[in-house]
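Colleague: 0 is the number of the first residue of the sequence shown in numbering that gives the first Met the number 0; add one for each residue after it.
For the record, the hints were derived by calculation from the structure and aren't laboratory data. Where is the CB? At the ideal position from N, CA and C, for every residue including glycine. Be aware that a few hints might be false.
[What the hints assert, rightly or not] Quick list of simulated restraints, FRET-style, between CB atoms:
#1 A79 / L58: 56 to 64 Å
#2 V51 / I12: 50 to 58 Å
#3 L58 / R84: 27 to 35 Å
#4 V82 / V24: 27 to 35 Å
#5 H86 / L1: 56 to 64 Å
#6 P63 / V24: 25 to 33 Å
#7 T60 / T40: 46 to 54 Å
#8 V48 / E10: 52 to 60 Å
#9 L58 / H85: 54 to 62 Å
#10 S2 / H80: 27 to 35 Å
#11 L1 / V24: 17 to 25 Å
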Amino acid sequence: MLSHHDRSELEKIERWFEASDPELVAALREGRPARGRGLVTVLLVSLDVAAVALLVAGLATTSPVLTLCALLAAAGGVTAHLVRRHHRI
């Protein structure tokens, strides 16, 4: 249980937030859920699948262009996964 002093300090902080950032207060009161990460996951998995498909096609046709595209797509996918893991997109 909070003391009277602690409650009054919390009320002061609440009033300060209401005055300084009403959008934040509204968002917290409405309880809007955080953005879903489903779309980002789908895009990253699609990039992974495309990289593998390009690599298979490049090796099957002995095309250096397709193989290079596969390597670039794989590098982009690895980078995107690492950034996502670091920043939790």
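Colleague: A separate judgement is required for each hint: does it hold in the structure or not?
Modeller: Hint check results:
Separated by about 23 Å at the C-beta atoms, A79 and L58 break the suggested range of 56 to 64 Å. The hinted range of 50 to 58 Å is satisfied by V51 and I12, whose Cβ atoms lie roughly 52 Å apart. In this structure, L58 and R84 meet the distance hint of 27 to 35 Å, their C-beta atoms being roughly 29 Å apart. Restraint check, V82 to V24: a C-beta distance of roughly 31 Å satisfies the suggested window 27 to 35 Å.
The beta-carbon spacing between H86 and L1, approximately 35 Å, falls outside the hinted interval of 56 to 64 Å. In this structure, P63 and V24 break the distance hint of 25 to 33 Å, their C-beta atoms being roughly 58 Å apart. Judged by the Cβ atoms, the range 46 to 54 Å given for T60 and T40 is violated: they are separated by roughly 30 Å. Distance hint check for V48 and E10: the Cβ-Cβ separation is about 54 Å, which falls inside the suggested range of 52 to 60 Å.
Distance hint check for L58 and H85: the Cβ-Cβ separation is about 31 Å, which falls outside the suggested range of 54 to 62 Å. Distance hint check: the CB atoms of S2 and H80 are about 48 Å apart, inconsistent with the given range 27 to 35 Å. At about 20 Å, the beta-carbon gap between L1 and V24 stays in the expected band of 17 to 25 Å.
In summary, the numbered hints that this structure violates are 1, 5, 6, 7, 9 and 10.
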